[in-house]
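*Asks:* With the hints as your guide, set chain B onto chain A.
Residue numbers (our numbering), protein chains in the order written: chain A, 2 to 296; chain B, 59 to 200.
By construction, these hints were calculated from the structure, which means they are not laboratory data.
In this text, all values refer to a predicted model and were calculated from it rather than measured experimentally.
Treat each hint with caution, since some may be false.
Listed below are the simulated EDC-like cross-link pairs for lysine to aspartate or glutamate, each with C-alpha atoms no more than 16 Å apart in a straight line [said to hold, decoys possible]:
1. A/K227 to A/D273
2. A/K73 to B/D166
3. B/K83 to B/E126
4. A/K105 to B/D190
5. B/K195 to A/D273
6. A/K206 to B/D173
7. A/K101 to B/D190
8. B/K195 to A/D108
9. B/K162 to A/D37
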Amino acid sequence: MKRIYIFIIAVLFSLITYAEQKDKKTIEEKENELLDFNSIKKVLKSDQLTKQVTSKQKKITKLKKRRVLNRKLKFDIPNEKSIWSFLSEVWLIQNASIVKWDFKKPDYGIETTFKTFLEDNGYYEKTIKILLVNTPNITHMAIPANKGEYIFLLSVPFIRTLDLSKLEISILLFEDFIRVKKGYFKNYVTTTKMKELFGSNFQGKKLNLKEFKTLFKRYDDLIYAKGFTFQQQFEVTKAVSSILKGNLKLWNLYFGVLKKIDDLIKTNILYDNYVKIYPSPELQINWLKPKRTVL
Amino acid sequence: MKKYILFFISTILIIGTLSEAKVIKKSVVRIAFMKDMFAHVHQNPSKYSTAVTTISCGHPVKIYKVTEHDGRSAETFNKSYKFIKVGPYDGYIMMHLLSEKRPKCFQDKYPRFFDQFEMDISEMYNWGRLNDLYLQKRTRVR
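So here's chain A without its partners, still in its complex pose (with noise of 0.2 Å):
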């Protein structure tokens, strides 16, 4: 007997509960359902009372709409300025064990220098997170995020066999920071397709997943196997170049960096696809070398 009392309370308790979860409507919503205010127009004439039931009414379609506007609004897809760095991080979490990035390493200081670099050239509020990676396949790279925001990819292996100091690495992380504001990677990752996407709403219709695939392999492609155009290293080159002219030292470490790459890939087969990616430091260094004029 005492087992079917537990039982009917259960189901009864389960029924209020459910009932409660479902009704999760405001007082004046509630109020509204119940009194028909149309019936007893009349008398609420002749008590008054017709501009407060008005304002009323007002207040309900306004809770409505606003409820509408919330659920469609949880359907948002990210504008062009908040998007990036969420994508990034997905494709450096989906990569980890192709870009080895979860690695011990001890601590070089580089974040530091490279602030203070970027202090010295006049770039505040930027906020700078460097990742460094465990694998000769990514030498630097800056790939897109957030406004203010910069992600770079720096390789351990790399900056050992160069062996550079940390004003050279902050050198070789500027020139990807020009190349990352220029924009060459956003404009190269994005379809036509995916730039309809960002801060568009997906309510009542399915995410297009496959645009964003696309997107991931395009990364994939410019990092590993396509790289920058010639005329994107050119422009990148002058401009670090015309940057740092004013601080002779560090043009002249810019230039040493060059040479160093440049020796590098031409006698160490792991980043022979260097000149792939960055088209190409000997180029680079012929476009920095001022031009001879013959009297």
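*Replies:* Relative to chain A, chain B alone:
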């Protein structure tokens, strides 16, 4: 002579055990919120230390103040970490991952979009690891 040596050794041992038995008190000073996507709470103040748990953006944490028996504050060697309490766990988290106010999290702002990527536990763990391993700085205000 033997007695003196024994006495000397025993006093050294007593002093040693007394210093080890220093009473350390921990009290909650304030509440902070996690501001990055995911982060690890570590057993020790190091990014390579074992992760006790992984927390997501907006998660509240209680920050401890550790004081010695005489009232002096006992700060951790690595000052970029905070000693915190999250649920049943006590551990360390990087200071720059915490915010005093509840942050506007990506997951909360775009919940349906975030759900579409169907992150599993290992990916969430990796995301926390990624935030640990970033060498992060922000250039100063002009």
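*Asks:* Now look at each hint and say whether the structure bears it out.
*Replies:* Verification of the hints:
1. A/K227 to A/D273: holds (13 Å)
2. A/K73 to B/D166: holds (14 Å)
3. B/K83 to B/E126: holds (6 Å)
4. A/K105 to B/D190: Between A/K105 and B/D190 the Cα gap is close to 11 Å, so the pair holds against 16 Å.
5. B/K195 to A/D273: violated (32 Å)
6. A/K206 to B/D173: Judged against 16 Å, a Cα distance of about 15 Å means the pair holds.
7. A/K101 to B/D190: holds (14 Å)
8. B/K195 to A/D108: It holds: about 14 Å lies between the C-alpha atoms, which stays within 16 Å.
9. B/K162 to A/D37: Violated. B/K162 to A/D37 sits at ~41 Å, over the 16 Å cutoff.
Going down the numbered hints, you'll see the structure goes against 5, 9, while the others check out.
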